[in-house]
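Sequences listed follow chains S and V, in order.
Counting along the first sequence from 1, when you hit position 174 you're at 1659 in the working numbering, and nothing is skipped either side.
Counting along the second sequence from 1, when you hit position 83 you're at 256 in the working numbering, and nothing is skipped either side.
Careful: at least some of the hints might be erroneous.
Here are some chain V residues pointing at chain S (derived, C-beta under 8 Å) [unchecked claim]: (1) H176; (2) L178; (3) V182; (4) A184; (5) S188; (6) T196; (7) A210; (8) A212; (9) E213.
Which chain V residues face chain S? A few, computed with CB under 8 Å, are given here [said to hold, decoys possible]: (10) H177; (11) D179; (12) N181; (13) G185; (14) D194; (15) A197.
No lab work stands behind these hints: they were computed from the structure.
The beta carbon of each residue, even a glycine, is placed where N, CA and C say it ideally should be.
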Amino acid sequence: MSAPPVTPALRLRPRSAWHVATVVETRRETPTAARLVLDVPTWPGADAGSHLDLRLTAPDGYQASRSYSIASSTPHGQVVLAVDELPDGEVSPFLVREVRAGDQLELHGPLGAFFVWRPGESARPVQLVAGGSGVVPLYAMAAAHGVAADTTRFQLLYSVRTAADTFFADELAALTGPAFGLDVVYTREAPDGWPDAVGRLTRETLAARTVPAVQRPRVYVCGSTGFVEAVARWLQELGHAADDIHTERFGGI
Amino acid sequence: MTHHLDGNVLAGALSEIFTSDVTAARARCAGCGQTSAIAEAMVYTDAPGLVARCAGCDQVLATVVDAGDRVMLSLAGLSAIELRR
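Put together the whole structure using the sequences plus the hints.
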């Protein structure tokens, strides 16, 4: 007798839908960003790395929608976002400055099957590379990896302006251990006594602080468009195959 | 220089058209023949709608325009899409 057919993973993924979220808490994440904890009773759960579209409607009916990575979420429970305020942004200044506990927001998600990590899918090591607020979906992957007690080697290289600008600093520090390594590059100002040079991420630092191409890591890069394109180009120059590099760009207005 | 994002940002708009997420699907550019995930296309969001261009040759692959009660989709720049069952 043949083995029963394996259900494709696709069918098990949470389906996207529109949800009404109620803001439970909002607090400062960095000098320019806020962490939003949302109560979403209809939320189906989400793969680590996925995002949602958040839609605001003005009293005159004007609507604006933007995509935000999901930092963490629980089915039928809470969704946590960390939103960086973009200068001249249309949605992010409202989310960072104006939103209060009790406010309601419209969400469409979870979205995206490309920039996701699922436990048990591969034994290859995973290298995460974050620029600024691009760490949010990568933090979600690292946290999911920790919760699953997955022993696949995970490493995060995080390029950030200063210690104060670090997203999920305490949570990331708590995740470090034998299966998760964290490397930080400060681009503007490092804490006192920091041993490494301060400045923008270079190809040399990337080469020295990431899993080498010979180990065939699966690589996830998230940051501004310029950051992602520079890092993806360097990774290919360092021998990583294009298909092993997953990228997600953010920015815009 | 115009700012672009990438095909990940299409997931919401396309989920209202396709039954499963297509951003992870591989697609072939009708201009240069390059095959890559939809998520890797360059996406311009400052047009009246979303415009996806090939990261290899800049050809317009797809456009999605949300007109409230209607959505207009063009996939004219794609010669094939591989969808997972």
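Supplied contact hint for V:S188, tested at 8 Å Cβ to chain S: Holds - the Cβ of V:S188 comes within 8 Å of chain S, reaching about 5 Å at its closest.
So, as I understand it, the hint says V:E213 touches chain S; can you test that by seeing if any CB pair is closer than 8 Å? Holds, about 7 Å.
Holds or violated: V:G185 as interface residue toward chain S, Cβ cutoff 8 Å? holds (4 Å)
Can you verify the interface hint for V:L178: is its Cβ closer than 8 Å to any Cβ in chain S? Interface hint status for V:L178: holds (5 Å vs cutoff 8 Å).
Does V:H177 pass the interface check with chain S, least Cβ-Cβ distance below 8 Å? OK, holds: V:H177 within 8 Å of chain S, min 6 Å.
When the nearest CB of chain S is found for V:A197, is that gap smaller than 8 Å? holds (4 Å)
Double-check V:A184 for me: the hint is only fine if its C-beta lies closer than 8 Å to a C-beta in chain S. Holds: closest Cβ of chain S sits about 4 Å from V:A184, inside 8 Å.
Have a go at the V:A210 hint: is there a Cβ in chain S nearer than 8 Å to its own Cβ? Holds. Min distance 6 Å.
Are V:D194 and chain S close enough, Cβ to Cβ, to be under 8 Å, as the hint says? holds (4 Å)
Hint check: is the beta carbon of V:V182 less than 8 Å from a beta carbon of chain S? Since chain S brings a Cβ to about 5 Å from V:V182, closer than 8 Å, the hint holds.
Given V:H176 was flagged as interface, is its beta-carbon under 8 Å from a beta-carbon of chain S? Since chain S brings a Cβ to about 6 Å from V:H176, closer than 8 Å, the hint holds.
Hint V:A212 vs chain S: min CB-CB distance below 8 Å? Holds, about 4 Å.
Checked against the numbered hints given earlier, the structure satisfies every one of them.
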